[in-house]
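Asker: Sequence:
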Amino acid sequence: MALRSKLWRLVMRFFLIALVTTHCLARVSQSDLRSTLVAEHSRKTHRDHREVPEGHDDQTFAQLLGSVEDLQQKMKASPTANVIAPLQAFTDQFAKSAQARGQNDDFSAEMGGKYNRFSTTSFDANFKTHSLCESWNSGGQSDNLEWSESADRLLRIIGNGVVKNGYNMFMAPGQSQGLATNVSVAVYIESMSSFKAQTMDFEVDMYLAMGWYDRRLAHNCTHPILITHKFIADRLWQPDLYFVNSKFAYLQEVTAPNFMVIVYPDGLIFKSMRIDVTLSCMMDLQRFPMDKQECPLVIQSYAYIENILNLTWHEEPPNFPIGSNTEIKLNDMVITNTRTEKCSGPYPMFRGHGNWSCIRAFIVMKRLVLFHIIQTYIPTGMLVSISWMSFWLDPRASPARISLTITSLLTLTTMSNGARQDLPQVSYIKALDIWLTFSQALIFLVLLEYSFVSYYMTKRNLECPHRAPPNYVATPYSHNNNVAQSPSGEDVRVKKSVDELLANEHYARYRAESPVANIRNRHTSIDSGHPHAKAVNSYSMTTGLSHCMNSTAILCHAATAPSTVKVTRSSWSDLLEAEHTALMAATPHGGAHLYSKFDSSKPCQKCANENEMIARQIDKYSRSLFPAAFACFSFTYWWYYDWLSLVLLLMQVARASWMEEIGWAHQLRSGKRSMKIVAMLSSVKILRFGDLVKLYRIVRCLTMVLVYWTIFFKSVSGNLFGSFEIVLLSSFSNCTMRLLTLGRPVARLFSTSSAVLAAPLHGADGGLRSHPIAAKTPKITDMKSAFSAVRSGDQIFVHANSATPAPMLKGLWEHVKENNLKNITTHGLLLDGDVPWNNTECDGVIRSNHLFTGATCRKSVNEGRADFNSVFLSDTPLLFRRGAIKLNVAILHVSPPDANGFCSLGTCVDCSRAAWMTADHVIAMVNKNMPRTFGDSIIHSSNIDVMVRDDSFALPELPVRSPGEQEAKIGKLIAENLVDDGATLQMGIGGIPDAVLPALKNHRDLGIHTEMFSDGALDLIARGVVNNKLKKIIPGKILTTFVYGTRKLYDFLDDNPMVEFGDVQWVNDPSIIRQNPKVTAINSCVEIDLTGQVVSDSVGKKFLSGFGGQVDYIRGAALSNDGLGRPIIAMPSTTNKGETKIVPFLSEGGGVVTTRAHVHYVVTDFGIAQLWGKNMRQRAYELIQIAHPDHRESLEKSAFERLKVMPSAD
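Residue numbers (mature numbering (1 follows the signal peptide of the UniProt record, and there is no 0)): -26 to -1, 1 to 1184.
Keep in mind that the hints were calculated from the coordinates and are not lab data.
Just so you know, these numbers come straight off a predicted model, no measurement behind them.
Glycine included, C-beta positions come from ideal geometry on N, C-alpha and C.
Take the hints with a grain of salt, since some may be wrong.
Cut-off 30 Å, straight-line C-alpha distance, at most; resulting in silico cross-link-like pairs (DSS-like, lysine-lysine) [stated by the list, open to error]:
#, residue 1, residue 2
1, Lys784, Lys1076
2, Lys946, Lys1022
3, Lys750, Lys902
4, Lys946, Lys316
5, Lys1115, Lys943
6, Lys943, Lys975
7, Lys580, Lys433
8, Lys975, Lys946
9, Lys340, Lys975
10, Lys1111, Lys833
11, Lys1148, Lys1171
12, Lys303, Lys404
13, Lys580, Lys594
14, Lys1115, Lys946
15, Lys784, Lys1022
16, Lys340, Lys221
17, Lys791, Lys833
18, Lys758, Lys791
19, Lys221, Lys303
20, Lys138, Lys204
21, Lys316, Lys943
22, Lys943, Lys1111
Derived DEER-like restraints, expressed as beta-carbon distance ranges [what the hints assert, rightly or not]:
#, residue 1, residue 2, range
23, Lys1148, Phe345, 50 to 60 Å
24, Ser246, Ala1131, 46 to 56 Å
25, Gly838, Thr751, 40 to 50 Å
26, Val400, Glu1167, 52 to 62 Å
27, Lys833, Leu119, 51 to 61 Å
28, Ser122, Lys1148, 44 to 54 Å
29, Asn142, Met234, 18 to 28 Å
30, Lys833, Gly767, 18 to 28 Å
31, Asn1095, Leu119, 46 to 56 Å
32, Met234, Lys1148, 41 to 51 Å
33, Ser254, Gly328, 20 to 30 Å
Sequences and hints are given; from them, build the entire structure.
Answerer: Okay, structure coming up:
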């Protein structure tokens, strides 16, 4: 019986395998094999995936399938039903491998370094594929939408929305499995309305597209199913998205509701709709009308929390998050950029709180100012200028001047009200308000100026220094002897007053004209009378003239004065005034009185003339002062609100011009003819190399200034720049940036002479031995003689990383062998390239003590032929400074000395600065290929004992590689969720940092403070994403200790003051790191256990690398002064062999680098875990959630066994 059962199983197994194989080979072409196998297995049927060939008998094939199904049923019902299990396992494994190969092929065809998970059809073997189409209309799915099936086919799956043991429209696709449903969203803007500043909103006509997988709807049809009716669409589960900042929204329904839902065969749901949305945008109008607005578009799920529905922007090619119609033209704005980000946050509820996923897009627009210039700025400027016309009008023309000024002021006030009527009533001052207010104030000052002019024109000084004592005022005269009677009765001779007047020089000029004679010869009759007469009689002309002459003795005397007396115009006017007064006083009603200028009751004409002169001087000065004030204000206004903004914008665009200038300087330095010229000029003390570069920069900047006005008017009109103009913009903004960067002195920015940067800026021992040593020069020798000072038992430091001097290592080894030296120990970090003594024959001769291990020394360390010193990277300089390692010799790799004798440690400072300062003897290899860097890398040649020149050695390079699929996912998660704008980055080297950096292109104002960086940062620097302006430590510059990359990176560093190299003891000090804003430390590891212990330097019992700067930056970020630091540990969820990196227990021999108390964020390709502040049970739960799904169950079981409690989130 047992034998019969075994034979039966064997026969049935071979029969089924042969049936499946024959069918596949007969029906499937080579090009369709992969997709057919995957699709057939997921559907667990054996229907054809292509159109039925001509002459095919479908009925025969259906019978064949029926026989197979009957056979399967019999096998399940028979005692030997377990025969299915081996076959099922075989087909499952085959399908998985085929699907994996398909994904790899798809991944190799990525576009732009991104992977579109929707781009190809991919069935999920864990879900049933429904038979909705006939056999001739199934399989062979195409990625293009070439045809569609009717929506009624879906009714077989969804029914009324809830099917027993089937589809449930009230549950999200992943909800039954405890997984979040990822919904990708994209937006295409068809049109936009003008922005309404009064209501702060705008209307958008757009297409909203969503995509997600609902594997419950997977079907076998060749073509997708199209749904355009709400009757069926309402029976499907759909994301409940809404616009958070919308005021009004509706679906367009002309001529039919503008929406569609496409159900692809593999369960991909694509929904698109056309909607009109009125979005609120809280504009910042402080710079209006030179403002730039960022208006948000926030989309969020209304009901489903983040663990059920997760929203992301669809950033994969060929469709991107935000697209727009290129023909969109707004009246007063232009769209300059769009950027997206992910947002989520807790919402408090009546009980507890929940996290809802949301995504946010920003539409960045710049206002076109030309309209406002024509409508507001030019007219107001003209009105202000017209008001100045009153300064040229006669001061006595009061109606004209007042009318002109008042009219200008009222017109400007009306214009101001019109310009502001469409703006909201905000509580802050706008740029337009400043312009209009100043213009109104200037016209008001014109009116105020005329009030002063009018005051002086009408001023009457009743008491002035030109008057005589009071006893000369209103003096009565005698008729006959011209004797005046004083109030006391005494006679006073008028001759005294006359002589006083004649003594003045005021009369000679007008004597010839003799106006007094004219008065005497007047033929007129006047009334006269004796001064003492009481009766009023008519007088003859003779009597009147007699009285007049008697009353005007002064003028008569003046008329007969000697011709030698000089009379001026002003004195003659005084005499005319006196004569006029005397004539008016000669009346029959009293004695003739002389009301001269000495009369205190009469205003002084001379003072009136002086006052008029003052008034006219006020007008004269105002003609220059007012236009100058307006011109200064206009220049300052436009510089601050428009030109300065343009310059700051261009700074971000023009980073590439640094490379142009650095390349020029490098060519000048390396060129033989250039060096001869510089040497000749230097010898006669005319010009140094640094001065030549300085001169070049100055000329270049002045040339670019000439292009500035063209650039300005281009920006005002809103026109886009051409390629040639972009080059000019880059050059000009580069020179402007040098003048404005962080307030540094101009001399510091424009000088490349190392004398300026000779002293170190920071680090321990700052200032020691970095300056020249008097009367000391290095010995120039060849490689063979360079190591003559090396003795047996010496402790030697070797420059490491990208600065490893490989020829010096070879020379040292040759010297040791020739002189039979013993017991020499070398110290350093990671030595790159071939290390001659890393073999067995060197035992007892040279032994390396590595402060960090790598590929070149890992084998020797693990085999016991070399030593490994586990120490924090920030503590490595202390090994030398505190005498733990007493160095006899330091071997360095430096750049050529400049005209002042200063060299540079180039690409690597780390602990080498402390090494050469504490070593007894310093040997340096000078290489022109070593870039010249600034900061603590500066060393004067007098501090070097022996120099060896080798320009043939090229620095070791680290090729740039594309990140893998897991690393790309990790990089995207970190960039979107953990790196904020304005963050200060620390990144190491490897796939994960290289994956994070490209994903940061939409960020702003990032800074770099790190122990090292590579080529990945160059693109962000060129884009202006990294500008270091918000950093607290060395703002405006990248701060690092060493770099490792390609020649492109080394050329970028050469003579580039934008990068600062520092001693690692200072750069990696957590107390220094924490001072920067939003410190984000990104580090990788080998494995992590369920409690959060991190292993980074070893794989089991074998050493892999070292402590490095991981703990330094993890701690510095955690202690960030602003509380916004983010220490991150990132790693793929599995190894290349599929083994989990999140383990219940650390591997035997693995060393803990970062303790569980230091760990905050852990990121894998499946998500982000936040561990800080959580207990062991919660930590285990968080880590299991980001582990690979294939290992979660086993990890959960192991966690229970270790913790004696089930991991949970609460």
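Asker: None of the hints should be skipped; say for each whether it holds.
Answerer: Hints, verified against the model:
1. Lys784 with Lys1076: Given pair Lys784, Lys1076 holds - Cα atoms ~28 Å apart, limit 30 Å.
2. Lys946 with Lys1022: holds, 25 Å
3. Lys750 with Lys902: holds, 23 Å
4. Lys946 with Lys316: Holds, because 11 Å separates the two Cα atoms, which is no more than 30 Å.
5. Lys1115 with Lys943: This hinted pair holds, its Cα atoms lying about 16 Å apart.
6. Lys943 with Lys975: holds, 16 Å
7. Lys580 with Lys433: Status holds; Cα separation ~12 Å.
8. Lys975 with Lys946: holds, 11 Å
9. Lys340 with Lys975: With Cα atoms ~20 Å apart, Lys340 and Lys975 stay inside 30 Å; holds.
10. Lys1111 with Lys833: holds, 22 Å
11. Lys1148 with Lys1171: Holds, because 20 Å separates the two Cα atoms, which is no more than 30 Å.
12. Lys303 with Lys404: holds, 25 Å
13. Lys580 with Lys594: Cα-Cα ~21 Å, so holds.
14. Lys1115 with Lys946: Cα-Cα ~20 Å, so holds.
15. Lys784 with Lys1022: Given pair Lys784, Lys1022 holds - Cα atoms ~27 Å apart, limit 30 Å.
16. Lys340 with Lys221: Distance ~23 Å between Lys340 and Lys221 Cα, so the pair holds.
17. Lys791 with Lys833: holds, 23 Å
18. Lys758 with Lys791: holds, 12 Å
19. Lys221 with Lys303: Holds: Lys221 and Lys303 sit about 23 Å apart, inside 30 Å.
20. Lys138 with Lys204: At roughly 23 Å apart (the allowed maximum being 30 Å), Lys204 and Lys138 satisfy the hint.
21. Lys316 with Lys943: OK: Lys316 and Lys943 at ~15 Å, within 30 Å.
22. Lys943 with Lys1111: Since the Cα atoms of Lys943 and Lys1111 sit roughly 19 Å apart, the hinted pair holds (cutoff 30 Å).
23. Lys1148 with Phe345: 50 to 60 Å: Since the Cβ atoms of Lys1148 and Phe345 sit about 57 Å apart, the hinted range of 50 to 60 Å holds.
24. Ser246 with Ala1131: 46 to 56 Å: Holds, since Ser246 and Ala1131 (Cβ atoms, about 50 Å apart) stay within the stated range.
25. Gly838 with Thr751: 40 to 50 Å: holds, 44 Å
26. Val400 with Glu1167: 52 to 62 Å: Since Val400 and Glu1167 have Cβ atoms about 59 Å apart, the given range 52 to 62 Å holds.
27. Lys833 with Leu119: 51 to 61 Å: Holds, since Lys833 and Leu119 (Cβ atoms, about 56 Å apart) stay within the stated range.
28. Ser122 with Lys1148: 44 to 54 Å: 49 Å Cβ-Cβ, so the 44 to 54 Å window holds.
29. Asn142 with Met234: 18 to 28 Å: This hint holds: roughly 23 Å between Cβ atoms.
30. Lys833 with Gly767: 18 to 28 Å: With a Cβ separation near 26 Å, Lys833 and Gly767 satisfy 18 to 28 Å, so the hint holds.
31. Asn1095 with Leu119: 46 to 56 Å: 54 Å Cβ-Cβ, so the 46 to 56 Å window holds.
32. Met234 with Lys1148: 41 to 51 Å: Distance hint for Met234, Lys1148 holds at roughly 45 Å.
33. Ser254 with Gly328: 20 to 30 Å: Once the Cβ atoms are compared, 24 Å apart, the range 20 to 30 Å for Gly328 and Ser254 holds.
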